[in-house]
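Chemist: Start from chain Z and add chains B and L according to the hints.
Chains as they are written, first to last, in this note's numbering: chain Z, 1 to 428; chain B, 1 to 485; chain L, 1 to 462.
Bear in mind the hints are in silico, worked out from the structure with no lab data behind them.
Do not take every clue at face value.
[Said to hold, decoys possible] Only some residues are given here: those of chain L computed to face chain B with a beta carbon under 10 Å:
id	residue
1	Gln35
2	Leu45
3	Arg51
4	Arg53
5	Ser90
6	Pro93
7	Leu381
8	Asp389
[Claimed, not checked] Derived EDC-like pairs: lysine to aspartate or glutamate, alpha-carbon spacing no greater than 20 Å straight-line:
id	chain 1	residue 1	chain 2	residue 2
9	Z	Lys327	Z	Asp285
10	B	Lys211	B	Asp121
11	B	Lys99	B	Asp136
12	B	Lys327	B	Asp315
13	Z	Lys416	B	Asp437
14	B	Lys99	L	Asp361
15	L	Lys183	L	Glu263
16	B	Lys99	L	Glu319
17	B	Lys99	L	Glu42
Note that CB positions come from ideal geometry on N, CA and C, so glycine has one too.
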Amino acid sequence: MIDSLDETTGRAYAVDGVIPRFAARPKDAEGVRDALRFADERGLAVIPWGGGSRIGLGNPPHRFDLALDMTGANRILDHTPGDLTATVEAGIAVDALQESLAVHGQFLPIDPPLPGRATLGGALAVGTSGPLKWQYGSIRDTVIGMKVVQADGTITKSGGQVVKNVSGYDMSRLHVGALGTLGVITEVSLKLAPRPAGEATVLARFDRPGPCFAAALGMFRSPLMPLAVTAFDARAGRRTGIVDPPGAWRLAVRLGGRPRALDRQVSESRAIIEGAATAGVEVLDAGGAETAWRALSDFGWDEPRPILGIRANATPSGMPQLVEGIKNMNGAGGLSLAIAAHPAHGTALFSWTGEDQASDDVAGIIDRARGLAARAGGCLVVEQAALAAKSGIDVWGGIAGPESVARGLKREYDPKGILNPGRFAGRV
Amino acid sequence: MTAVIADLREVVAELQAIVGAAYVIHRPEDLIVFEYDGSVDKAMPQMVALPASTEEASRVVEVVGRHGLPIVARGAGTGLSGGAVAEEGGVVLALTRMKRIIEIDPEDQVAVVEPGVVNVDVSAAAAEYGLYYAPDPSSQSACTIGGNVAENSGGPHCLAYGVTTNHVLGMEVVLADGSVHWLGGRTRETPGYDLRGIVIGSEGSLAIVTKVVLRLLRQPESVRTLLAVYREIDDASAAVSGIIAAGIVPAAIEMMDRLCIQAVEPAVNAGYPMGAGAVLLVEVDGLREAVEEESAEVERICRSRGPMEIRTAADAGERARLWAGRKGVLGALGRLAPNYYLVDGTIPRTKLPEALARIGDISDEYRLPIANLLHAGDGNLHPSVLFDERDPDELDRAMAAGGEILKLCVDSGGVLSGEHGIGLEKREYMPLMFDDDDLNAMARLGPAFGSEGMLNPGKIFPTGADRTHVSHSRAAAKAGAGAYI
Amino acid sequence: MTPSPRGSPAWPFSGLDAPAESDLYKCVHCGFCLQACPTYVETGLETESPRGRIALMKAVNEGRVGISAAVSGHWDLCIQCRACESACPSGVPYGRLIEATMAEVEAQRKPSPLSRAAANLLLRRILPHQGRLAMAVSGLRLYRKLGLQWAVRKTRVLRLISKSLAEMELTAPEVPSRAFKAKGQIIPAVGEQRARVALLSGCVMPLVHGPQMDAVTRVLARNGCEVIVTAGQGCCGAIHSHVGDLETARNLARRNVDAFLGEPVDAVVVASAGCGSRMKEYAHLLEGDDEYSGRAKRLGGMVKDVHEFLANLSLVPPERALPYRVTYQDSCHLSHAQRITEAPRELLRAIPGLELVEMADSTRCCGAGGTYTITQREFSLRVLRSKMDNVRASGAEMLATANPGCVLQLQQGAAQFGPPVEVRYVTDLLDEAYGPEPRGASTSRRRKNNKRTTVNNNETNV
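Here chain Z stands alone, though its shape is the one from the complex (with noise of 0.2 Å):
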């Protein structure tokens, strides 16, 4: 079913200001199917909208036609707990599927930005998850099969519904990250986990960046297990309710286990805290831990958004460099900068808020930035920025790797560039 849509309806679905014509909310694959061939045959560009929480993500759209609502298919088909396994149509939004894990006391450990409107298949396109990767990988790590629409409608599927398979080509590892432009992932097999028999989260202040990496690299070369692990300043921290003078730092240590084995952890992070020079440590009361680590997944998406958000990587060793960096970077004067981290993934989020700025500066933080980035080995992401700023940047910093081979996909999948035309790493 395609629906029309005109200016005020379709602002809904804008992306990057640009306003589609038409509509669909499929319920099932068959459903996208009969979308995409409706688009194939006309021509039509498609965006895959899940959530939107972070529709943004992207170069600005070459085309947009189609809208493409995924929250109509978004059901559990399986959940069989004994296998710690569960298929799902990739329209869930993440806490609806994680409510109902918890029943079964399992989780799908991912956990992305704004999770209530967040659906599985959009974190899966953006590829990017939160704070636990420290303990449970890449979000690609906990897909096991996967049924995509192809953009002329064909139906694929690949992998299974176990936990070891090695039957083909991991086709799931291309639309993972890929944002839509290689298909439509629309379901899911998933490889869950049991929730930790107990957590505590350990809370540390410092007065400088450093003592506080110092303090969560010590954690990642220790024999100690935290589900997650991140540094934020005191800007970050007020999302928190945390309430830190200026040029403070926060560590905070999300620990998971059986009773004693968590007793220790909790000990030892303090240990390791204390030898790093921190002005204070405390364990936070389970509701203080959950506000605090669900503010911290949100980080940079959640309101009032920033007027430039980027994600940058660099190697664990690498962090603190990159993190100060940045930090001291000249020339954005009016702005204030709040930045949250996971050292030992290599992963530090900044985030720009303030008055519009003109786009020039914008750009040209934007520039220094991904300088630093390479030089620390690693690379950068522009997450948010406003249009203007975007439209003379390649948000993913080019193609990494061998650009035959992306353009190589892209013309093997999606021939006729209907999905998600220009938006991805190059433009493709």
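Modeler: Frame of chain Z; chains B and L shown alone:
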């Protein structure tokens, strides 16, 4: 014909100029040793080149491509699905000389290695920093990292730690046109298509891997290995389900059935009781306290299923002995029958009891004993059909029984291969799992990478031949006694 | 169809000693042996691996390829260390296979009459006879001094003779005045007698390491053994099997069966790992010999490696502290052929003050391999160099091992590549730890030997 031979001479000369005369193998009597890998399939390549560096590998690929010959990458040749067998001839690119461990970086906990590095050597090199490389295929003392990447290898400890793709951060590759690129790198996230993830497990058909950045893990502070012995295999299966249901993901859960025990115990003396119907080997590792708490829970669950005996390894020696039994099973099957056909498939772990019962039926139906060795924790079955190839009827029945087991896996919601790959061995079974649309989608990766028909052609995709009666029978005629893996 | 190799004569195994199909087809080419093999590790070439060598045996057996020089070259490069057997999950008896294959190669090789005569001279006329071997070694010295080496460089086997004897000379103590001789002598047990054993004297070891053989008898005696150095015994035949001369090997085995079964003893103790493994497998060697097969099996069961024997006997603890940092090189024919790795270490650990440090890959061959060090000189040195690197990394100042070939090879390694470690038999160290003989003399002698190795080596290189 003459023209082809002249051509080959030219290729040999060009390759010799790149890698040195000693490292281009082209005499037929030498090529014989490159016609096999660890599987049953055999085919002679036209020549073998052994580059010593990325630069040499890249030039070899360029030259061979220019002459229109296919390239088959090869590591140690321990693969079990024919991935390194040059079915269509061409040039085998053996990467065994590229075996430098370039770097172990304890700060970022990564290793940078060449593809010819042997799996176990990475952990050996990382040990001085208290680190190790987690994926541990049974052939880990011989197989190479390059081969592991090609097959996305697993191993007993993948239950908790994941398979190769979960441990490779990046790699340097040579594409079919000879160009050299990095996919991923030393950071854990890289924007753009996950080409790294696509190439891993692609059985050498998309790119040649020349360097790999591996994630290292900290060695567990404590390890506990528990042996649970059951009269009936169903009780062992129930114990496995119980452990998973209790929210415990041990480092490994291995299961061996009655036949396995009878084969291995006299050979290895692992201490498995001869009269048992099944033994479970459960290993828990991690923090000392966590290991104590979880292993107590595992023991409680195992006890609740009425075991004949439960034993915990008291020290490293006893642990090694328990594992020696597990590792010795395949070698020892020769005591029960002249040949065995080792099948690899995965089922959802809750289907274990039904699947094992069904395998028992298949055994009856085909009148052949089947020994079951399982990575039970993740549902990865390794049933071995025992037979005597000198009886052609038995051989046919064994192959057919293997096919039945694969069908059973797929019908139970499982898959054709858990860790050995598709290669030549299982390509004709692919339609059991995938329809034409699925296979077409996979087949488009070759053109996207520019490797179609050039890198390891003929693998993975079905040709339409009847696998059961053509390939295995032909191979068996040559292979002689031993394993059909 | 697999293309059949061009132009090779169909020349399958045919002789009496062809590798048994039942052994050959046990190999399922899983590749687990690869990393155990020193020649594979050095080259990275499947052609130089156990699995490759077996594939070639199968190919010959199936008539796909003849025994060309190219094919046999891959077998020749095998050191026969049998490390692959330890690694093999399917129990392929590789040692038996390569021995049988080499016998086929030798039978088909059609060497020149001159080199055959030379091989005969060395293997059949000299090695089996201690006196002649001693004469040959001393004679060789004279002959080298006369500058007549050119005369023996005509053929492979002649070179083999000249060089092998030269090698022995390199590190040999005074010969033959200190040689150890088997003449039926009996060394009484010290203290209460716990066992009565016969000792294999052997061929090379008593000649080049006579004093160390004396040490073996003393150590056995100190452990309550009455030691009989049985008269009528001789070379065990290991070298002959190694190069494919199974006929002579069988004759030698028969002689030893006769000699040793003539004495009522608890065990036949062997101090050389290579000889021990050969003798334990006499039963297979004499399988087809109705008269001897049963007795060969009985003798095989009585043969005990000296370390194995002492460890099982429960060692009389030595009292004298030896403040040495020692690393142990597993002799292949002890660790792989006899699967004995713990006993020698147990003996070393029993020595007070001695620090046993492990080197990497201690079970990897040093490259000695019988005549290998001569016939595959270059390769043997490559393997040796890797070994010495591991010795260096271990930080040991002394290297202990269990076989004369290994001792000679490792002494050469210490001299040529360093580190300048002293190379000793485990039993020699035990003897020193038992005292009371002053050991100063022996240490200085060894040092002198090392120096001479270098000198001689230079000469050889000229």
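Chemist: State for each hint whether it applies.
Modeler: Comparing the hints with the structure gives:
| no. | hint | result |
| --- | --- | --- |
| 1 | Gln35 | holds (5 Å) |
| 2 | Leu45 | holds (7 Å) |
| 3 | Arg51 | holds (7 Å) |
| 4 | Arg53 | holds (8 Å) |
| 5 | Ser90 | holds (5 Å) |
| 6 | Pro93 | violated (13 Å) |
| 7 | Leu381 | violated (17 Å) |
| 8 | Asp389 | violated (15 Å) |
| 9 | Lys327/Z - Asp285/Z | violated (31 Å) |
| 10 | Lys211/B - Asp121/B | holds (15 Å) |
| 11 | Lys99/B - Asp136/B | holds (18 Å) |
| 12 | Lys327/B - Asp315/B | holds (18 Å) |
| 13 | Lys416/Z - Asp437/B | holds (18 Å) |
| 14 | Lys99/B - Asp361/L | holds (17 Å) |
| 15 | Lys183/L - Glu263/L | holds (13 Å) |
| 16 | Lys99/B - Glu319/L | violated (47 Å) |
| 17 | Lys99/B - Glu42/L | holds (11 Å) |
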